[in-house]
Amino acid sequence: MKYIPLSALVGLAITAAYFLMALFAPVISPYGMAEVVGSVWEPSSAEHLLGTDNIGRDLLSRMIYGGRTTIFIATAATILSFTTGAILGFLAAVLGGLWDQVLSRFVDLLMSIPTLIFALVVLSVMPVTIPVLIVVMGLLDSTRVFRLARAVAVDINVMDFVEAAKLRGEGRGWIIFREILPNALSPLVAEMGMRFIFMVLFVSTLSFLGLGVQPPGADWGGIVKENKDGIVYGIGAALYPAVAIATLAISVNLVADWILNRTTSLKGGRGG
Amino acid sequence: MADTLLDIKNLKIEATAYPPGEPPQDITIVEGVDLRLEKGKVLGLIGESGAGKSTIGLSAMNYGRGGVRITGGEINLNGRDIRKLSLRGLRAMRGAEVTYVAQSAAAAFNPAKKLMEQIVEATLAHKRASKKEAEARAVELFRKLGLPDPESFGNRYPHQVSGGQLQRAMTALALCPQPDLVVFDEPTTALDVTTQIDVLAAIKEAIADTGVAALYITHDLAVVAQVSDNIMVLRGGNMVEYGSTEQIINDPQEEYTQALVSVRSIEHEEKQPAPEPVLKVQNINARYSGTKFDVLKNVNVELSPGQTLAVVGESGSGKSTLARVITGLLPPRDGKIIFDGRELNADQASRPREDLRELQMIYQMADTAMNPRQTVGTIIGRPLEFYFGLKGRKKRERIQELLDEIELGEGFVDRYPAELSGGQKQRVCIARALAAKPKLIICDEVTSALDPLVADGILKLLLRLQKIEDVAYLFITHDLATVRAIADSIAVMYQGEVVRYGTKSDVLAPPFDAYTDLLLSSVPEMKLGWLEEVIAHRRMESAGH
Amino acid sequence: MGLVGKLLAQRIALGLLLLFLVSILIFVGTQILPGDVAQSVLGQSATPEALANLRAEMGLDQPAITRYFAWLGGVLTGDLGTALTSGQDIATSIAGRLANTLFLAFWAALISVPLAIFLGLLAVRYRDRWPDKLISAVTLASISIPEFLIGYLLMYFIGVKLGWAPSVATIYDSMSLGEKLQAIALPVAVLTLVVLAHMMRMTRAAILNVMQSAYVETAELKGLSMFKIIWRHAFPNSIAPIVNVVMLNLAYLVVGVVVVEVVFTYPGMGQYLVDHVSKRDVPVVQACGLIFAAVYIGLNMVADIVSILANPRLRHPK
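So the protein lines, in turn, are chains X, Z and H.
Going by our numbering, the first sequence runs without a break in its numbering and finishes at 272.
Going by our numbering, the second sequence runs without a break in its numbering and finishes at 545.
Going by our numbering, the third sequence runs without a break in its numbering and finishes at 318.
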């Protein structure tokens with residue numbers, strides 16, 4: 001029997017809903033993404049459920065398309081960060097020696113600069129396009145995945161069953177893919193959730209600072225930037241993305257927690 | 001009737017388990033246990049892991065570790081039920097009337113405080129003596145317990161003294177408030193056997209001198225027989241048998257107790273060395289990279305085909321390093337390994353597959369020696385596939401044959417390691433080694449993580465398999481009882497050197513060298529008064545010299 | 001003291017080495033593209049002669065290594081170069097703004113650090129009861145919303161709807177301390193919220209780790225009061241992990257400051273940096289990036305130094 005706690009079910013449902021929304025944005029959004037359909041900052045009404053934005057576009061449609069962009073960039077960057085980080089991390093752990101030293105010290109160096117600051121430095125000379133954003137975010141963040149993957153793999157690599165495989169004469173491929181990977185998967189998948197949330201927050205922050213998705217494209221951070229001037233007049237249009245980002249992030253968090261708790265720890269309790 | 005100190009009635013203890021992938025559930029750890037202890041007496045609680053002995057011991061302080069809850073029964077201490085005490089009342093009792101000695105003193109001492117401060121802390125907190133008196137009392141205890149420099153010992157930090165000394169300091173901590181009862185929770189289990197005997201003797205003397213009552217918890221019947229007046233045998237949270245120490249040791253009534261007493265009574269006829277050994281270890285010196293001293297110093301041993309060489313030593317003797325050198329995980333600085341007439345490459349990675357196949361290894365911790373994500377079928381089947389190219393039906397048949405050999409029946413093929421008991425796991429590891437049809441298997445402490453009865457089963461299996469398969473064992477262990485049971489020849493190691501080597505009957509017969517004598521005489525024997533005999537003997541010897 | 005002294009010297013040397021490498025990384029990071037600063041100053045329509053002149057004037061015709069060492073030499077002597085967009089001296093512009101940023105960060109730290117440690121202790125004390133659960137829920141919520149949105153939420157509800165604090169945090173040198181504090185009330189609140197959650201969670205984990213250790217069980221079995229257990233046994237062993245948590249979060253605060261300054265148009269380093277990133281003013285970006293990284297590295301170094309000093313094994317060798 002597979003037992004799934006309620007919190008994880010709710011998390012899974014909401015996460016799935018957001019991804020479906022992103023996939024089918026053109027089908028479900030009532031108006032076009034950049035279509036001006038009303039006057040500035042109309043309150044919510046039957047035609048415009050969330051009202052209109054700073055130049056009279058339907059805010060609900062902007063939010064749906066914005067979600068699509070945000071989720072797409074975050075997903076792509078997570079995949080990039082993950083493949084790079086995990087592969088290099090495993091290699092560093094299994095190869096050890098000089099390879100491990102060079103990779104680990106370089107990652108230490110990269111991580112001694114706050115990610116946002118380093119991203120700003122690089123983006124000051126790069127053209128701000130979606131592929132550039134994905135690459136910059138993905139590579140900068142892969143340092144964290146590297147550390148985790150390496151730590152997990154080093155832990156597993158010293159276990160007796162890996163030594164037994166080495167003594168049997170197994171090749172590197174068998175050891176990485178058949179002995180280490182299956183045991184490293186759970187913590188890595190849980191971490192993947194955390195990285196995805198971080199990416200959503202990261203791309204929103206960049207867009208808000210004007211260094212992410214460029215107008216007229218929509219994304220959740222950009223919607224805040226466009227509508228922030230309304231705040232001082234008591235118009236809350238800029239706050240909708242807060243709800244969207246928070247619910248998505250919390251849902252993914254709940255799922256990640258469950259995945260992490262579901263698996264038996266290899267090492268067992270502390271100190272036995 | 002003598003004065004009753006502790007009277008536990010119908011004790012029930014529960015805990016919450018969190019099985020992965022399932023909802024949490026309550027499980028019963030101890031049920032319906034009665035226990036009575038008179039003032040000044042020592043009661044031994046004995047059982048295998050999971051018997052509930054530590055949990056019962058802590059219940060004498062009305063304390064449940066982690067999520068453990070005492071849910072039923074009475075715990076009468078000095079005439080009142082301590083389950084009914086308020087938190088304040090409990091605090092007044094703990095550390096004053098009852099004190100506790102933990103298994104790992106190294107973890108139980110606060111690393112940031114000096115020993116003396118921690119040892120007198122309970123005495124001061126309960127106002128049982130002034131600071132000066134308490135410290136004087138502690139120094140007196142240090143002296144009694146045989147600690148070095150009793151006057152200044154308390155000024156040290158925990159990390160500055162050895163494990164055996166810490167365990168004695170913990171005993172001082174427990175005795176300092178002059179309690180009515182001390183709970184000793186496996187106080188010598190983590191120690192080497194030659195250290196254990198000293199600590200055991202010190203504890204026994206301290207108990208006798210102070211007249212305190214004690215609950216002595218251990219898994220080792222021979223140890224508890226030395227210190228206790230009565231013994232309670234526990235299994236799976238229930239009492240199996242209760243009686244005087246003499247009765248339990250000399251006339252056990254229950255089948256389980258009889259098995260515990262007669263454990264290690266395996267008969268094995270010693271074989272004489274063959275002219276052509278399967279393994280020759282010649283002049284091996286080895287050290288770990290980055291260190292400056294050799295952990296193996298000029299080691300020479302030989303092992304005949306189909307026989308067992310036991311390598312005995314305490315922690316730090318280099319016995320496990322020897323296994324790493326033979327398997328090629330740690331190439332030696334110099335010396336040769338001759339296997340089946342040919343010299344093996346020093347580095348494992350450069351050995352041909354045939355060499356790897358003929359030399360297999362079984363580990364101490366079966367838990368970590370098997371990939372938790374592979375089924376028993378995959379674990380045993382992989383060497384068949386890897387060395388012999390077996391596939392499909394042939395592989396399945398061979399796996400089943402191997403499972404039959406290790407006495408596991410049908411239906412184990414698809415199980416994961418987590419679904420096996422400790423003994424079953426070790427059996428699967430044995431099958432994996434056998435699958436390669438090796439000439440030599442290195443067994444690294446393969447029974448030391450197992451409960452005595454299970455360990456016995458494993459040893460019997462290994463002996464039976466040796467006859468059938470004609471495989472040689474290099475058996476690494478710290479346990480002399482195991483050595484007596486299965487070895488044909490023995491190498492005693494101490495600080496990286498082989499100090500005594502020969503056939504079993506030669507090695508175990510006098511005259512002994514000093515270390516072997518110490519080692520042999522330190523192994524607890526299942527008889528009353530053994531500890532006194534050994535200590536008296538040692539005192540006489542040291543007085544004579 | 002010998003061993004500790006040696007370790008401290010090593011750690012400080014490592015920090016300096018790291019800072020040097022980071023300066024290289026930042027310099028290289030701004031040289032990735034084929035186009036250069038001169039191009040971005042003059043735009044696409046510039047004539048080749050004008051470009052060549054500007055390049056020579058700015059030293060861009062020199063090889064990258066020469067330029068790096070010229071830049072590094074300037075940085076070490078307090079000369080950060082001039083901004084391309086305004087032609088002003090960067091060091092002068094930064095000085096005032098850095099003071100403003102530190103002012104903001106100081107007050108945020110002053111409020112959040114004690115509060116986080118207190119709440120972390122509270123969560124441990126009432127572990128798995130409602131205060132703990134409430135604290136974890138709030139934590140989860142606040143790490144799931146980006147800082148700038150927390151900023152606008154507070155601005156909307158507290159600044160605009162309730163009118164309790166100014167929505168824009170403009171400060172001048174002529175303002176009194178009280179006026180300044182009122183002006184930065186909202187940004188400080190946002191920064192506090194942002195780091196509080198992390199710090200609380202990590203403090204809770206650090207203390208729980210200590211509370212579950214065997215020596216705390218020993219203390220419990222000695223019948224000591226809760227206060228004595230925490231004060232004598234848990235606290236001395238929690239200093240290093242808690243200082244680590246605090247330093248890590250102050251480093252995090254440095255990043256939060258950048259965004260929060262933009263939200264509240266606060267005249268600090270963060271806003272200065274973001275402005276000049278959009279304008280592609282490379283010398284300013286390099287200078288600001290290096291300063292932020294230096295603060296970050298410095299805080300991490302302090303955390304390590306405290307860990308070394310708090311370790312009894314190192315202070316009292318065998």
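Hints listed in this document are in silico derivations from the structure and should not be mistaken for laboratory results.
Please note that the accuracy of each hint is not assured.
[What the hints assert, rightly or not] Interface residues of chain H toward chain X, partial, derived using beta-carbon atoms under 10 Å:
hint : residue
1    : Leu-3
2    : Leu-18
3    : Arg-67
4    : Phe-69
5    : Ala-70
6    : Leu-72
7    : Val-75
8    : Thr-92
9    : Leu-140
10   : Ala-141
11   : Pro-146
12   : Trp-164
13   : Val-258
14   : Val-262
15   : Cys-288
16   : Tyr-296
These numbers were taken from a predicted model, which means no experiment stands behind them.
Glycine residues also receive a C-beta, built at the ideal position from the N, C-alpha and C atoms.
Verification of the hints:
Of the supplied interface hints, the one on Leu-3 (chain H) is violated, with its beta-carbon coming no nearer than about 24 Å to a beta-carbon of chain X, more than 10 Å. Interface hint at Leu-18 (chain H): satisfied, since its Cβ lies 5 Å from the closest Cβ of chain X, which is below the 10 Å cut-off. Given the 10 Å rule on beta carbons, the hint for Arg-67 (chain H) is violated: about 14 Å separates it from the nearest Cβ of chain X. This hint is violated: Phe-69 (chain H) has a C-beta 19 Å from the nearest C-beta of chain X, more than the 10 Å allowed.
Residue-level restraint check for Ala-70 (chain H) is violated (minimum Cβ-Cβ distance to chain X is 19 Å; threshold 10 Å). A least Cβ separation of about 16 Å between Leu-72 (chain H) and chain X goes past the 10 Å threshold, and the interface hint is therefore violated. For the restraint placing Val-75 (chain H) at the interface with chain X, the shortest Cβ-Cβ distance is roughly 15 Å, beyond the 10 Å limit, so the hint is violated. Among the interface hints, the one on Thr-92 (chain H) is violated; its C-beta lies about 21 Å from the nearest C-beta in chain X, farther than the 10 Å criterion.
Taken as an interface hint, Leu-140 (chain H) checks out: its beta carbon lies about 6 Å from the nearest beta carbon of chain X, inside 10 Å. Taken as an interface hint, Ala-141 (chain H) checks out: its beta carbon lies about 6 Å from the nearest beta carbon of chain X, inside 10 Å. Because the smallest distance between the Cβ of Pro-146 (chain H) and any Cβ of chain X comes to about 4 Å, under 10 Å, the interface hint for this residue holds. Among the interface hints, the one on Trp-164 (chain H) is violated; its C-beta lies about 14 Å from the nearest C-beta in chain X, farther than the 10 Å criterion.
Checking Val-258 (chain H) against chain X: minimum C-beta separation of about 6 Å stays under 10 Å; hint holds. Annotation: Val-262 (chain H) was flagged as interfacial toward chain X, and the flag holds, the nearest CB pair being 6 Å apart, inside 10 Å. The beta carbon of Cys-288 (chain H) comes within 8 Å of a beta carbon in chain X, closer than 10 Å, and the hint placing it at the interface holds. Here the hint on Tyr-296 (chain H) is kept, as its CB sits about 5 Å from the closest CB of chain X, short of 10 Å.
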